[in-house]
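Residue numbers (my numbering), protein chains in the order written: chain A, 6 to 437; chain B, 6 to 437; chain C, 6 to 437.
Worth double-checking, as some hints may not be accurate.
Since the list gives no way to pick one copy over another, a pair counts as held whenever it fits inside one copy or between any two copies.
[To be verified] Dumping the calculated DSS-like pairs for lysine-lysine here, alpha-carbon to alpha-carbon at most 27 Å:
| id | residue 1 | residue 2 |
| --- | --- | --- |
| 1 | Lys71 | Lys368 |
| 2 | Lys152 | Lys368 |
| 3 | Lys86 | Lys115 |
| 4 | Lys375 | Lys165 |
| 5 | Lys71 | Lys375 |
| 6 | Lys216 | Lys165 |
| 7 | Lys216 | Lys86 |
| 8 | Lys152 | Lys115 |
| 9 | Lys216 | Lys124 |
| 10 | Lys338 | Lys152 |
| 11 | Lys124 | Lys86 |
Hints in this document: simulated from the structure, not taken from any laboratory. Since this is a predicted model, take the numbers as computed values, not measurements.
The primary structure of each chain is shown beneath.
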Amino acid sequence: MTDLPFVATASVGEKMYELVTQLYPICRSITGEGVRQTLRILQAHIPLHIHEVPTDTPVFDWTVPKEWNIRQAWIKDPEGKICVDFQNHSLHVLNYSLPVHQTLPLAELKTHLFTLPDKPDWIPYRTSYYNENWGFCLTHNQLLSLKEGNYEVYIDASLKAGNLTYGEYFLPGETTETVLISCHICHPSLANDNLSGISLAVQLAQWLAQKPRRYSYRFLFIPGTIGSITWLSLHETEAFQTVHGLVATLVGDNGPFTYKKSRRGDATIDCAAAHALKHSGFPYTIINFFPYGYDERQYCSPGFNLPVGCLMRTPHGQYPEYHTSADNLALIKPENLTQSYQVYQTILEILEGNQQYINQNPKCEPQLGKRGLYRAISGDNHTRSYEMAMLWILNFSDGSHTLLDIAERAGLPFAVIHQVALLLETHGLLAK
Amino acid sequence: MTDLPFVATASVGEKMYELVTQLYPICRSITGEGVRQTLRILQAHIPLHIHEVPTDTPVFDWTVPKEWNIRQAWIKDPEGKICVDFQNHSLHVLNYSLPVHQTLPLAELKTHLFTLPDKPDWIPYRTSYYNENWGFCLTHNQLLSLKEGNYEVYIDASLKAGNLTYGEYFLPGETTETVLISCHICHPSLANDNLSGISLAVQLAQWLAQKPRRYSYRFLFIPGTIGSITWLSLHETEAFQTVHGLVATLVGDNGPFTYKKSRRGDATIDCAAAHALKHSGFPYTIINFFPYGYDERQYCSPGFNLPVGCLMRTPHGQYPEYHTSADNLALIKPENLTQSYQVYQTILEILEGNQQYINQNPKCEPQLGKRGLYRAISGDNHTRSYEMAMLWILNFSDGSHTLLDIAERAGLPFAVIHQVALLLETHGLLAK
Amino acid sequence: MTDLPFVATASVGEKMYELVTQLYPICRSITGEGVRQTLRILQAHIPLHIHEVPTDTPVFDWTVPKEWNIRQAWIKDPEGKICVDFQNHSLHVLNYSLPVHQTLPLAELKTHLFTLPDKPDWIPYRTSYYNENWGFCLTHNQLLSLKEGNYEVYIDASLKAGNLTYGEYFLPGETTETVLISCHICHPSLANDNLSGISLAVQLAQWLAQKPRRYSYRFLFIPGTIGSITWLSLHETEAFQTVHGLVATLVGDNGPFTYKKSRRGDATIDCAAAHALKHSGFPYTIINFFPYGYDERQYCSPGFNLPVGCLMRTPHGQYPEYHTSADNLALIKPENLTQSYQVYQTILEILEGNQQYINQNPKCEPQLGKRGLYRAISGDNHTRSYEMAMLWILNFSDGSHTLLDIAERAGLPFAVIHQVALLLETHGLLAK
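Same shape as in the complex, but just chain A:
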């Protein structure tokens, strides 16, 4: 039998890819209109709430920075021709550049230019959030083509008191225990490194909105680092309601899956992710928590230590296109997005269904035959798995094993164990 009853069709990936395509040109940063524009587009898909947190708000050891906005930016060559233009690519400007308008010789200009000599056709992605500076990013071949002479540079940007903007979508469930799905929204035209995660979160939210939910779900669309610090600082109570969580990012490339465990290492989310990946048929690796990466750094800081892992494909920094203009729409594929969605969905289904049952006839096996449960489903080629599942569930529903524990021990997919547990519950053989 195939392990995962995947109902998601390729169209899910196509829809996710479409959203990424729509968001791609926007110049996002940790604050500013690019973020607002992005969140407003998401509002067309899910009714998320847009929050504004004023500049200088203290958030733990940090303060909310000034808001940065940019309208245009270019460099004119000695002949007065625009040779680098922000209109062409949002990566061309150093993110958080100060406004500038001056003319300067090439040598001096070069101290403000960033390129990748070993990848001469790609534009690097650079930021300068906390050191005031200005600059341009361009391909190394562009740089090589610049002749001696005076260059006019113009950055029409502003850096002043404003707000940090983030989006939140909360789906209440039967309990206030919350599953957190977090993604960062601060990267400009980069497809895999943040747009794939945003798009996946939107898709999951749409799916969850239309089904009954045991848990509540919180989707956060936040600027990396400062966004999670801000949210955690202003919502400690809600943060501690998080019982499972995932940071969604880098889910569109061709690489195998990588699950980075929560700091706890043995949280239910860690077991659920490992189980879903093992039975997914997709290649994957599981790695231990380490204190850098994405917003799991903050969720897993020792004062929170939330059970939040990070499920991605190729980890940050480990694919050559990372943080360059080559992390574009060609790098990600609808079928990869579909697979990533399927694995996330399976994990959430495990969390939802992972009850702990008690065998109501713990002394010896109950007689399955007289209830029509033994060889009951014999038209079904899953019969043997189902019968084994019954025996495993009955034997280990002893008050100290959840269905996920039993699925792991039995070596059977959670979906089978869950379905069979519901059947046994119907027959009064199990109770919660």
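Given the coordinates of chain A, work out where chains B and C should sit on it, guided by the hints.
Same frame as chain A, now just chains B and C:
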């Protein structure tokens, strides 16, 4: 040095093989005269008590079934010649067949015939305990030779209120803590799958009866599943006196040993079996508990969770002759039975000898030389092992290690550790 | 980056080798003038205290033996020529030989001669501490050259009431919690097997004497077995102040390092030694505790169970020259001694620096940039390691991880973690 001081000689295996030979022709089932006849034969070897439990007695979620007895059964071909005859092989009749006497055309007859198309010379073993039915089992070649026409079928069987019969042999020891040896007795002419286990249990019981016993021992000769459920249901108090247990089955074939751990996984019986196998020199594998197989399913149901493992050679379903007429006297060998007996015996010797001692001179080593213990046994080529054993025992007899723990840690056979511990106890260096 | 900031230079090994050379000719035993002479030479390097414990003092299950002294010993051949002479090699006499002066035929003499037939050019090292006897050790080729005839043997030794002598050097620290470094001093002219350890202990003591110490340090220079038993028996209170310990021996040969864990197996000394070796770049193996070997046998007896391991190169008995005249000055090398010193030093540095800190901003990461800590050391090519170290330390300084735990988890050398922790403490981000 060889690890195991095996005193059992080949004659043990010959005696076991002889008993199997004697029991082989009998048509056993989960109830009926075949079981009684089997147990009466065993009474010639050990004074076991034969218990009868009436039909319809409630036993947990089950009830004791009607008693089944069979006298004769045959099929006559269109020429009136007997072509399948229960007299020739007890497997020819579907176990628990209803009585029948009728004439019917081949096509209709075939719905009551069971064969193994891929093993055309073997008769399958089939039962229908809980669905009333009748049928015959035959070789596939027999089936192919049947011509069109009307066949007379006759099964002189009865299925009516009676008893479930089982045998029990209890050997009291110094304590009421009991070691359980359980084997199933419900299979008809199958040599490895149940007769080898019965024969091994008898041999162990004879050996234990004639030696001092720290533990009490209970030998159960019961029909599979319903027998253990019946016994557990009617003897809960005794069941919970079980401190170690083994289900004995499949001990005559050529395969390597397989020890299936108790549900607890770390019970003393699990450690003792692993230790005995490791030092036996025989190939083996150790597998985790799973909730199907033999009566360990019931002993290890969560309401009992007894420390009962199952020591076999090739596991059920994993040798081609399993549950066919090829599981016959040619499949099992006296030398295999001898080896199995040796390993069981070693395990029981470990359980009996596995005391916890306290070093009476815990601060620094005692001076072994002045007591004649150092190089004391130098004529013996085991000297070095014995000296190392002394040091290991003295160092780890700290109140939290049993002799088995120490044997494992030292990498020495339990028998050496045990013998040396007794010597140290004699010299006052150890106390219980 | 290289892992270990080794400051020790080759000259350390040269100094150690020089001391070994000076001590090599002396005939040591478990008591007597050889030991006193050895300790007096050590007093030229460190102010150790020489203790005398009278013969017959009861020490746990033992008593202090008679004191043995030897002045000369020889065998004269039938022609009256000295053919075996203690003056030539201290191994020539059976250690603890009784005095003897007699003439006897070759056949009878041979019962008092010890050789190594398979290593015909080496003199064996033999002792007879607790069985009164006399004898000579010689090369097997010497033995073969002896002609028939009468031989005069002379051993000018004494075995009478006296003292057991040992040396102790105690360096007080901030606490009375003590690190124990123990080495045996009872072997005569054997270079690796005991002189290398003595020399290493002296060198470590010199280094520690001149630096601030969190822990107190106790260096014991004692005869093997009876020496540690004597010290433990007479100093139980001090013994139980031992919080970490190492037995130093066999540190001059070419073999890879071998760390034998303490009986506890998970003591801090075990983790520190494993960490130091892992980052040393030297080949090594780590083995579990076993109750024979050197004085760790006594320190780790169950009544003490002190956290004392043994760090050596090739273990005792595992190199061919062990306990023969070939364990001489050619077997050990200054560079090997240097390496061993470096590893010991690193272990002690880990123990000294292994504090547990608490992150003062446990909720989310503190802003390192505003403190100049992020990319602060960018001129330094260790930058990335240092930044990672900051994040690891901050994330895991949660009250349940020491710096060594964090170094292990981060896969970074302790020295880096320690240095960065001090920096973070300076900035108020960590507190003890």
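We went through each hint and held it up to the structure:
1. In this homomeric assembly, Lys71 and Lys368 come within 27 Å of each other (Cα to Cα) only across copies, at 23 Å, whereas the closest approach inside a single copy is 67 Å.
2. For the homomeric pair Lys152 and Lys368, neither the shortest alpha-carbon distance inside one copy (87 Å) nor that between copies (51 Å) is at most 27 Å.
3. Only within a single protomer do Lys86 and Lys115 lie at most 27 Å apart by alpha-carbon distance; the minimum there is 18 Å, versus 93 Å between protomers.
4. Only between protomers do Lys375 and Lys165 lie at most 27 Å apart by alpha-carbon distance; the minimum there is 19 Å, versus 76 Å within a single protomer.
5. Within a single copy, Lys71 and Lys375 get their C-alpha atoms only as close as 72 Å, which misses the 27 Å cut-off; across copies the closest is 15 Å, which meets it.
6. Taking the closest pair of Cα atoms, Lys216 and Lys165 never come within 27 Å of each other, the shortest separation being 43 Å inside a single copy and 54 Å across copies.
7. Proximity of Lys216 to Lys86 under the C-alpha cut-off of 27 Å is found in neither arrangement, the shortest distances being 57 Å within a copy and 68 Å between copies.
8. Taking identical chains as interchangeable, the C-alpha atoms of Lys152 and Lys115 lie at most 27 Å apart only when both belong to the same chain, with a minimum of 12 Å there against 95 Å between chains.
9. Proximity of Lys216 and Lys124 under a CA criterion of 27 Å is satisfied in neither setting, with 47 Å inside one chain copy and 52 Å between copies.
10. With identical chains, the CA atoms of Lys338 and Lys152 are never at most 27 Å apart, being 39 Å at best within one copy and 64 Å at best between copies.
11. In the homo-oligomer, the alpha carbons of Lys124 and Lys86 lie at most 27 Å apart inside one protomer (25 Å), although the nearest pairing across protomers, at 87 Å, exceeds that limit.
Of the numbered hints given earlier, the model fails hints 2, 6, 7, 9 and 10; all others are met.
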